[in-house]
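2 protein chains.
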Amino acid sequence: MKIDELYALLRRRGFLWPTAEIYGGAQGLYDYGPLGRALKRRLEEAWSAWFVGRSWDYYRIEPTEIVPEAVVRASGHLENFTDPEVTCATCHGAFRAETVLEKVRPDGIDGLTPPQIEEIVRSSHVRCPNCGASTLSVPEPFHLMFDLPFGVRGGERAYLLPETAQSSYLAFARMREVGRKALPLGIAVVGRAYRNEIAPRQVLFRMRAFTQAELQIFFDPAEPPGAPGASASETIPVLRADRRARGEGSTERLSAAELVASGLPAFYVDHLVHYYQFLRDVLGYPAERLRFLEKSERERAFYNRLQFDAELHLESLAGAKEIGAVHYRGDYDLTRHGAASGRDLSVVRADGQRVVPHVLELTFGIDRNLWALADALLGVEGDRTVWRLPPYLAPIAVGVFPLIAKEHRPFAQHLAEELRSAGIPTEYDEASSIGRRYARMDEVGTPYCVTVDAGTVGDGPERGTVTLRARDSKAQERVPAAEVAARISAALRPPWPPSR
Amino acid sequence: MKIDELYALLRRRGFLWPTAEIYGGAQGLYDYGPLGRALKRRLEEAWSAWFVGRSWDYYRIEPTEIVPEAVVRASGHLENFTDPEVTCATCHGAFRAETVLEKVRPDGIDGLTPPQIEEIVRSSHVRCPNCGASTLSVPEPFHLMFDLPFGVRGGERAYLLPETAQSSYLAFARMREVGRKALPLGIAVVGRAYRNEIAPRQVLFRMRAFTQAELQIFFDPAEPPGAPGASASETIPVLRADRRARGEGSTERLSAAELVASGLPAFYVDHLVHYYQFLRDVLGYPAERLRFLEKSERERAFYNRLQFDAELHLESLAGAKEIGAVHYRGDYDLTRHGAASGRDLSVVRADGQRVVPHVLELTFGIDRNLWALADALLGVEGDRTVWRLPPYLAPIAVGVFPLIAKEHRPFAQHLAEELRSAGIPTEYDEASSIGRRYARMDEVGTPYCVTVDAGTVGDGPERGTVTLRARDSKAQERVPAAEVAARISAALRPPWPPSR
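First to last, the sequence lines map onto chains A and B. Per the working numbering, the first sequence starts with residue 1, numbered consecutively. Per the working numbering, the second sequence starts with residue 1, numbered consecutively.
The shape of chain A in the complex, shown without the other chains (with noise of 0.2 Å):
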């Protein structure tokens, strides 16, 4: 579907709507509805399960949003926390530069320096977007953190995190004591971090205040985190920094026997690996649309050693969008935040020696693949608009209805309060004719329908039995309404594995 189309369908279904929208919205904010709020949790709870599932050591913690100023010199984000931006002196318009220039330097201007880029917007002779005029200029950066007065008076300043991350580097110490001491120590954090964008656009994809899952897994360097043992086999999409360098822009299949042989680190392939299993198998995004980007030394922070970029194409964006990444961040962080906060953030081998952890980051935006899953998944077939979203992904897992309300509502609604009792997200609709209640199901992605009718309630052969029917076959059979439960809960059951 095109943005506007699926934008419109989610609106109108009370997934996600402008912040405010009965005063016209506020640019890059959304607030989430009750089934977009249904999806947003389990997929915070997918990734959560199998990612910081992986080990009895990784944690989730639940830090605050705002941070000290001291927080954010450490981390480098009061310094560099900025957008190259282009302004227009005719029409007094203010753009990203990057979009700007995204025909001229398809690569992008990471890296750059303002004179640099104005050096290309001149030598490029690009117009304005808004007025076409040629007097665009590069202004002093713009800064994406918003700060606040903080403390009587406002007389300190604090920070809204423009990255969970952060909170974790803080934690961790603390979770040094509280946990059992093992290294590696894997710190979550599903929460909000905001960034005040020059133009926020693609619906979820460019927003003010966004949900990040993020883990960071705290490791000695001598002793790095994992190795792909049975999945040294497994192939994953990869576009490589070298290959975009000599302008090769297809993707490669690699197995991960073969990315470790060319040079980067097992541990690393090991997590590149489980992450794209997690995109595929987990949250079923087809394989063909995946692949994940490498960054060149220019392009990446400088203190990630290595990054690869999880991309899937989106429809409705047009192109690859980054959902996820994968981040070596050597020993930056903590050795920024010992050093800023005067604690030792080292720690002590068995040996004696002492080694500041090296940090793996695995990095996941939860609103863009909420968005990913309905450009993904979500089409109109035929005479139908059905939403193939995993039955354990869905914000309903079933629909009870009764076939003709005033008839079968007593029966209807039983059922439908025992089945949100035994824990199956339930919904209950009587209104209008059964195929209109059915095709409402389809688009929001429920895999069951329930319906009550005459042979329910009646005294025939039938008598206690209903319609089940599903929404990827549209086969429907009459099972006992005593079984529905069962049957349901065992189709919701997630494939991440049962252990380690």
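Please keep in mind that the hints were generated in silico from the structure rather than gathered at the bench. Virtual Cβ for every residue (Gly too), placed ideally from N, Cα, C. Some clues are possibly wrong.
With a straight-line Cα cutoff of 25 Å, these simulated PhoX-like cross-link-like pairs (lysine-lysine) come out [as the list claims (entries may be wrong)]:
hint	chain 1	residue 1	chain 2	residue 2
1	A	K321	A	K295
2	A	K2	A	K321
3	B	K2	B	K103
4	B	K406	A	K181
5	B	K295	B	K321
6	B	K321	A	K406
Looking from chain B toward chain A, a few residues come up when the C-beta cut is under 8 Å (computed) [to be verified]:
hint	residue
7	G14
8	E21
9	A171
10	A209
Go by the hints and put chain B onto chain A.
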């Protein structure tokens, strides 16, 4: 326990700690660690099941916390959301007026203007709590909202919401479209609210960023939501405003029927009783420590027609403290937002007449109740420290221990994985003595422990059985390992009703 002891225990066990702790913390901000996050999540889910689960027409949404200025102008916060402050000309300290005057005005200073407060400060000769000088004065009110530079170059203003309720009022029009168009319609938010408190204190009781659970029930005043049918004989502890005005400070137990007879609307009493049952039966607060305190007309916000605060006596804070409230807000909110946004928020009755829905607000402080659960249910009993949390709220439901790590580890780890896969919050621990491990589980509220020993893995009659130990009774029994999951799952079943 005293506040410091309780906080020390919660910090040591990783329930919570000050934000940016390695930098010395940030006043009024806390991060939840693994156990605190788990407890918080279960508290949120219990609240949601009890209150939002009460009707198919009640929904949870997840709005952003940032709103444009027009919203807080319409809500009245921009003008009125201030906290009278007292400053000292000698030491330049700033204090909440209510705190400085709490001995002189035990009923608080709600509704008084700064000049009236200044007069009380002068006439009562209150001294500065910091330096003792008699040089206190009352400056312009201190604004409690955090404002943000928003948009390009910060040209717009936005605000962090000081209460989640506003998001539900903003969502009303959209939710009428999305839902069944029926009234009562409930919109619930469990989310962050932010207040730049003058003097954050009492750990989780006066924070600058905190989590509220709020349900707004929109209804036609001609058809209010519910009445205490089966609960008419349930008595609840109340302290009425008229008795307080007469200086009678003791709580009475009144039945729902008596409260209705005294003139309170039946729907309002119904919700007081339902709220009380949640505090007593779901959270397990001792009934004798609870009360609903009615606020007088002067004390409550002018738009509130009725307000009862739920209070719990907290040993750690040496008094009865507000943990939630029931507000009858009339049509204030929808009328204000309707007028300011230009969007008609009235609904059409069957007879064609238009009416602006009234709002009944149920509000509940998640952080405060997390603290209250510790205060009320965690204590030293002889030689042990035990947190008698209801099992379905416990961060860890079962601890699994090998008696001797080397010998019993594989069986114990396998069992722990199995329990975790069955959805039971499980901890695996092989460190220190078995008594020490039981003690560590007791103090974080874990209702069950399972120990794997020589009998389990041997060839004798105890083969395949484990020791199941209950927190509350300390009773130990030998049960087949294969039955542990079912036993514990059954004990975790919450007491909320399977249907409405």
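Hints versus structure:
1. K321(A) <-> K295(A): Cα-Cα ~14 Å, so holds.
2. K2(A) <-> K321(A): With a Cα-Cα distance of about 15 Å, the restraint between K2(A) and K321(A) holds, given a limit of 25 Å.
3. K2(B) <-> K103(B): holds, 21 Å
4. K406(B) <-> K181(A): The given pair, whose Cα atoms are some 19 Å apart, holds under the 25 Å limit.
5. K295(B) <-> K321(B): holds, 14 Å
6. K321(B) <-> K406(A): violated, 49 Å
7. G14: Status holds, d = 3 Å.
8. E21: holds, 6 Å
9. A171: holds, 6 Å
10. A209: holds, 5 Å
The structure fails hint 6 only (numbered hints given earlier).
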